[in-house]
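Going down the list, the sequences are from chains X and B.
The working numbering applies: residue 1 is where the first sequence begins, and numbers increase by one.
The working numbering applies: residue 1 is where the second sequence begins, and numbers increase by one.
These aren't lab readings, by the way, just hints derived from the structure by calculation.
Certain hints may be false.
To give an idea of the chain X side of the interface with chain B (calculated C-beta under 10 Å), a few residues [what the hints assert, rightly or not]:
#	residue
1	Arg30
2	Leu32
3	Arg39
4	Val121
5	Ile279
6	Leu282
7	Ala283
Glycine included, each C-beta is placed from N, C-alpha and C at the ideal position.
2 protein chains.
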Amino acid sequence: MPVETVDRARLELDAEAERIRGEIDELFGRLLVSRNDGRDDLYAAMRHAAIGGGKRLRPLLTVAASRLFGIARDRALRVGGAIEAIHVYSLIHDDLPCMDDDDVRRGKPTVHKMFGEAAAVLAGDSLHALAFEILADPETHEDPFVRSDLVLALAKASGPSGMAGGQMMDLAAEGKSLDLSAITRLQQLKTGALIEYAVEAPCIMGRLPSEARTPYRGYARNIGLAFQIADDLIDHAGDADAAGKRTGKDAEAGKATFVSVLGPERAEQQARFLVSQAIEHLADHGAEADLLRALARFAIERNH
Amino acid sequence: MPVETVDRARLELDAEAERIRGEIDELFGRLLVSRNDGRDDLYAAMRHAAIGGGKRLRPLLTVAASRLFGIARDRALRVGGAIEAIHVYSLIHDDLPCMDDDDVRRGKPTVHKMFGEAAAVLAGDSLHALAFEILADPETHEDPFVRSDLVLALAKASGPSGMAGGQMMDLAAEGKSLDLSAITRLQQLKTGALIEYAVEAPCIMGRLPSEARTPYRGYARNIGLAFQIADDLIDHAGDADAAGKRTGKDAEAGKATFVSVLGPERAEQQARFLVSQAIEHLADHGAEADLLRALARFAIERNH
Numbered sequence: 001m002p003v004e005t006v007d008r009a010r011l012e013l014d015a016e017a018e019r020i021r022g023e024i025d026e027l028f029g030r031l032l033v034s035r036n037d038g039r040d041d042l043y044a045a046m047r048h049a050a051i052g053g054g055k056r057l058r059p060l061l062t063v064a065a066s067r068l069f070g071i072a073r074d075r076a077l078r079v080g081g082a083i084e085a086i087h088v089y090s091l092i093h094d095d096l097p098c099m100d101d102d103d104v105r106r107g108k109p110t111v112h113k114m115f116g117e118a119a120a121v122l123a124g125d126s127l128h129a130l131a132f133e134i135l136a137d138p139e140t141h142e143d144p145f146v147r148s149d150l151v152l153a154l155a156k157a158s159g160p161s162g163m164a165g166g167q168m169m170d171l172a173a174e175g176k177s178l179d180l181s182a183i184t185r186l187q188q189l190k191t192g193a194l195i196e197y198a199v200e201a202p203c204i205m206g207r208l209p210s211e212a213r214t215p216y217r218g219y220a221r222n223i224g225l226a227f228q229i230a231d232d233l234i235d236h237a238g239d240a241d242a243a244g245k246r247t248g249k250d251a252e253a254g255k256a257t258f259v260s261v262l263g264p265e266r267a268e269q270q271a272r273f274l275v276s277q278a279i280e281h282l283a284d285h286g287a288e289a290d291l292l293r294a295l296a297r298f299a300i301e302r303n304h
Numbered sequence: 001m002p003v004e005t006v007d008r009a010r011l012e013l014d015a016e017a018e019r020i021r022g023e024i025d026e027l028f029g030r031l032l033v034s035r036n037d038g039r040d041d042l043y044a045a046m047r048h049a050a051i052g053g054g055k056r057l058r059p060l061l062t063v064a065a066s067r068l069f070g071i072a073r074d075r076a077l078r079v080g081g082a083i084e085a086i087h088v089y090s091l092i093h094d095d096l097p098c099m100d101d102d103d104v105r106r107g108k109p110t111v112h113k114m115f116g117e118a119a120a121v122l123a124g125d126s127l128h129a130l131a132f133e134i135l136a137d138p139e140t141h142e143d144p145f146v147r148s149d150l151v152l153a154l155a156k157a158s159g160p161s162g163m164a165g166g167q168m169m170d171l172a173a174e175g176k177s178l179d180l181s182a183i184t185r186l187q188q189l190k191t192g193a194l195i196e197y198a199v200e201a202p203c204i205m206g207r208l209p210s211e212a213r214t215p216y217r218g219y220a221r222n223i224g225l226a227f228q229i230a231d232d233l234i235d236h237a238g239d240a241d242a243a244g245k246r247t248g249k250d251a252e253a254g255k256a257t258f259v260s261v262l263g264p265e266r267a268e269q270q271a272r273f274l275v276s277q278a279i280e281h282l283a284d285h286g287a288e289a290d291l292l293r294a295l296a297r298f299a300i301e302r303n304h
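Chain X with its partners taken away, still in its complex shape:
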């Protein structure tokens, strides 16, 4: 691809990412209004975690994939907000002292550091419920069949057969030497399931039959793993300031990662291969898939 085309795609991706960060902040700002009663701290904790931080990768994926099927932007944003609510709840619980015990997240104190552990547990639980409240609201989609399917797929992607199950595998794996296929399986649940849902949800809104979803699932699975490898490389490189969180903690915890198994060079090659595979899945699409292509191409070049 000529250099000027690459540059333009990059600029467009950055502009879209910036716009979505603003829109998701605005959505949470609207949904998380404190009630001026005994729940003030709960709403403050939810706002602290949900507003003004993060790459908003999952909503960006949902908006980008929604372009393929002509889905209205405000719908894609509400679904993206629901996914982000799940992602943020999992970060709050993950950061707890009994889990990863982290003090800093997205360059700010973690929720339990600011509001205490009990409020952090409840803020996570509240964002968890909020995600399903958003999806089941007729404002998200007028077709109840679509709403119900969005809920069912998100519950599966975030529950014991998805994200939460992957987190448990991760805990169980501490100090064990996993091979590449075990790490891949773990990460496909822990981070992959929700990323896959971010692309699956537009397929549900576009009422694609199950068999027509295969290429988009393939795209999502490939970039999910590529992003995880990029994350592992950042953690390995250990620039805490750029990452906005503590780095080097996987090695410290004795956790097997793509980088510890493959080494940084082969891990990077693997990420590039996965990105090319992801883009390959979009071969039937024209310019409407450019944002998804740019996302795949540039997201592994980030340093945080």
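Since the structure of chain X is provided, determine the placement of chain B on it from the hints.
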């Protein structure tokens, strides 16, 4: 009411409660099958908390209210199972050291005592997701509008504007002297919202318009408060063996309860008044409401 009628109603309620305990255990047994991978402990923790314990009051309410609208028992049971999954997740998180720090629940060690705190957080999160997975599954109801409405109402009842919000109010209230109306408001969110949902869900399945739901909401609100007063009386009486959990902890934590504000005698009177009000709301119904009436009458006579 003649003594023999009271006795028969009591026997019928006990038989139905016993049957539902078996059916809910069977449902969770089917849904929570361990995968023989790194998630074994997660499923074991979920099963430990969800199977073989508890009064199953909420599923019992859902089944009893479903009789009013001719809703099939297997549907009522699945919805009751979803509510119970939310209830159990909230108990697991509530028992954590950073929350109420309890070692015993339903006469067994709490989840974090058996499986560790991290697994307890994840087991709660997993049951939370499972509740919505059950409701959005076409097996629960063939009408997607009903499924979507069941999800929306449960998300509201369990999230920051319902149960989780009430739990936060409860934390914020420690050591403060609440008046009767503040305690009522707190308990209406903390325990009342989910009990109300247990009766609202059959109204949704019966496709009752909103205005026709008023008496059932009234019934649920009255018995929700009556049950809470009964709980406070048990905690106050302090028989830990009968309660299956630590008692006297409200006084210990300096928490205002119905009993601390009203005193045990007036609290009991108030509970009886609420029960009579609850039954009054069912005046338009015949024998099909007998189970709901018996539930209201006898549930405050339990000692655990």
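Verification of the supplied hints:
no.: 1; hint: Arg30; result: violated, 14 Å
no.: 2; hint: Leu32; result: holds, 8 Å
no.: 3; hint: Arg39; result: holds, 5 Å
no.: 4; hint: Val121; result: holds, 5 Å
no.: 5; hint: Ile279; result: violated, 31 Å
no.: 6; hint: Leu282; result: violated, 29 Å
no.: 7; hint: Ala283; result: violated, 33 Å
Hint compliance for this structure: hints 1, 5, 6 and 7 are broken, all remaining hints hold.
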